[in-house]
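> This is what each chain is made of:
Number of protein chains: 2
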Amino acid sequence: MAAKSTADRGAATAAADRVVKPQAKTTERREAVLRAAMSVFGERGYNKGSLVEVAERAGMTHAGVLHHFGSKEALLVAMLQYRDGEEAAGVPGRAQTEGPAFLGHLLDTVAENTTRPGVVQTYTVLSAESVTEGHPAQHYFRQRFSILRTKLAGVLAEVSGRDADDPEVRDDASALIALMDGLQVQWLLDPDDVDMPRIVEKIMDQLVDRLATRSVAPPFPRPQD
Amino acid sequence: MAAKSTADRGAATAAADRVVKPQAKTTERREAVLRAAMSVFGERGYNKGSLVEVAERAGMTHAGVLHHFGSKEALLVAMLQYRDGEEAAGVPGRAQTEGPAFLGHLLDTVAENTTRPGVVQTYTVLSAESVTEGHPAQHYFRQRFSILRTKLAGVLAEVSGRDADDPEVRDDASALIALMDGLQVQWLLDPDDVDMPRIVEKIMDQLVDRLATRSVAPPFPRPQD
DNA sequence: GCAGACTTACCGACGTGTCAGTGATTTGAT
DNA sequence: ATCAAATCACTGACACGTCGGTAAGTCTGC
Numbered sequence: 069m070a071a072k073s074t075a076d077r078g079a080a081t082a083a084a085d086r087v088v089k090p091q092a093k094t095t096e097r098r099e100a101v102l103r104a105a106m107s108v109f110g111e112r113g114y115n116k117g118s119l120v121e122v123a124e125r126a127g128m129t130h131a132g133v134l135h136h137f138g139s140k141e142a143l144l145v146a147m148l149q150y151r152d153g154e155e156a157a158g159v160p161g162r163a164q165t166e167g168p169a170f171l172g173h174l175l176d177t178v179a180e181n182t183t184r185p186g187v188v189q190t191y192t193v194l195s196a197e198s199v200t201e202g203h204p205a206q207h208y209f210r211q212r213f214s215i216l217r218t219k220l221a222g223v224l225a226e227v228s229g230r231d232a233d234d235p236e237v238r239d240d241a242s243a244l245i246a247l248m249d250g251l252q253v254q255w256l257l258d259p260d261d262v263d264m265p266r267i268v269e270k271i272m273d274q275l276v277d278r279l280a281t282r283s284v285a286p287p288f289p290r291p292q293d
Numbered sequence: 069m070a071a072k073s074t075a076d077r078g079a080a081t082a083a084a085d086r087v088v089k090p091q092a093k094t095t096e097r098r099e100a101v102l103r104a105a106m107s108v109f110g111e112r113g114y115n116k117g118s119l120v121e122v123a124e125r126a127g128m129t130h131a132g133v134l135h136h137f138g139s140k141e142a143l144l145v146a147m148l149q150y151r152d153g154e155e156a157a158g159v160p161g162r163a164q165t166e167g168p169a170f171l172g173h174l175l176d177t178v179a180e181n182t183t184r185p186g187v188v189q190t191y192t193v194l195s196a197e198s199v200t201e202g203h204p205a206q207h208y209f210r211q212r213f214s215i216l217r218t219k220l221a222g223v224l225a226e227v228s229g230r231d232a233d234d235p236e237v238r239d240d241a242s243a244l245i246a247l248m249d250g251l252q253v254q255w256l257l258d259p260d261d262v263d264m265p266r267i268v269e270k271i272m273d274q275l276v277d278r279l280a281t282r283s284v285a286p287p288f289p290r291p292q293d
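Keeping their order, the protein sequence lines are chains A and B.
My numbering runs 68 ahead of the 1-based position in the first sequence.
My numbering runs 68 ahead of the 1-based position in the second sequence.
For the record, the hints were derived by calculation from the structure and aren't laboratory data.
Take these hints with a grain of salt, some might be off.
Put simply, identical chains are the same to the list, so a pair is met inside one copy or across any two.
Calculated pairs, BS3-like style, for lysine-lysine (alpha carbon to alpha carbon, straight line, at most 30 Å) [claimed, not checked]:
hint, residue 1, residue 2
1, Lys140, Lys116
2, Lys270, Lys116
3, Lys116, Lys219
4, Lys270, Lys140
5, Lys93, Lys140
6, Lys270, Lys219
7, Lys93, Lys270
8, Lys219, Lys93
Note that the structure is predicted; figures quoted are calculated from it, not measured.
Given the sequences, and given the hints that come with them, work out the whole structure.
If you want it as structure tokens, here you go:
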């Protein structure tokens, strides 16, 4: 019968070609809107950024943007998810960096961010803005921080021969994330006065070093090689 | 311009007594507006916070607020300065804590902030928002960070017997400030998962310790044993 | 009676979201 | 392959609310 929305489509073609459901260039246009949203919300924040400006940068009217995403809130959420996907895809290696290499990946990201103030600003402004009442990105950032803390704690534990549930390890994970985020604000305001990569690397080394050398009660014998 | 507003007044009359200048309750009312602004801008951010809501909480109309402060921007700036004054006055000791005691003061502040999420939110949201183009609080925060970095570097140098111009000392000052700011975002989003005072104290100790024990030697990967 | 502290009334600019309509494209039956 | 119907990707106009700011008048304490 009649398919209601674009979501209701299935088993039309057997072959696994890629352009079956949407209208050929639709994905392209949606991505243009998403990228426009990143730049606008990054420059002005979610509250001050307007759909009209997003639409202009994407080359359509604001009604067109609403046609694709339904509401400003939904656009923000879609943008956040899109950004995650892009980042994962952008890494030359596999989707997710695992183990100790993750620390190096973090350092690389900090260094790379130095060349992309726009991206840094998007993240900084939005994450802070999200703590206000009823902000649509609140759930996203709460979850993101939670996952990041857990992952970092795991890596830190692995590297230092500790337990990932050790409060000290978790504290250090929180601290490292906080350090990176906090530095971004200072750096955006005063790029010449704050050397993000150098600072993060130094503190990270120091944290790992202390975690490894000062094992309070090693649950297992851990030779330092 | 007919009835010019009283917006710009800088305590510029001769006698320092109280019977000449403001109209008795005026100072009181202005402070009420300033406090209302802190709560509104803290909850919603500067962009989303409205003069109407500030006015309501101060018990007047938004035109009344404009009468006192001239513009929304001017209100924000006045609020920021008022907050600084309040904080300085709130410390039981003198206006400014000097020397090594400053580190303890910082720790006390972090602990105290744990009981005042509103204040923390105001600072967090506004400081991040200020990095956007043309934000009225940009100058305030740039200056604030600059002064804080310098002061902290001085104290750190004093405590560890280093030079305040030492890049390592300045890096650590930036790092400590970044840590505190970054933790606030995580804490606001997840108060139970982030123990701000404990984390800051631990990192601070660690920083001071390393600064003091490791003089002016270039850092080797594994000097400690 | 006058300056200052307001209020009421209002303006123009914007911002989000709705709606009907219009071509372009895809679909499905022939 | 052809063609009509369905669906899509939009646009333009508008409804409706909100916001910062202005103008002018009123009330109050000195």
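> Identify every previously stated hint that the structure contradicts and give their numbers, smallest first.
The structure conflicts with hints 2, 3, 4, 7, 8, although it agrees with all the remaining ones.
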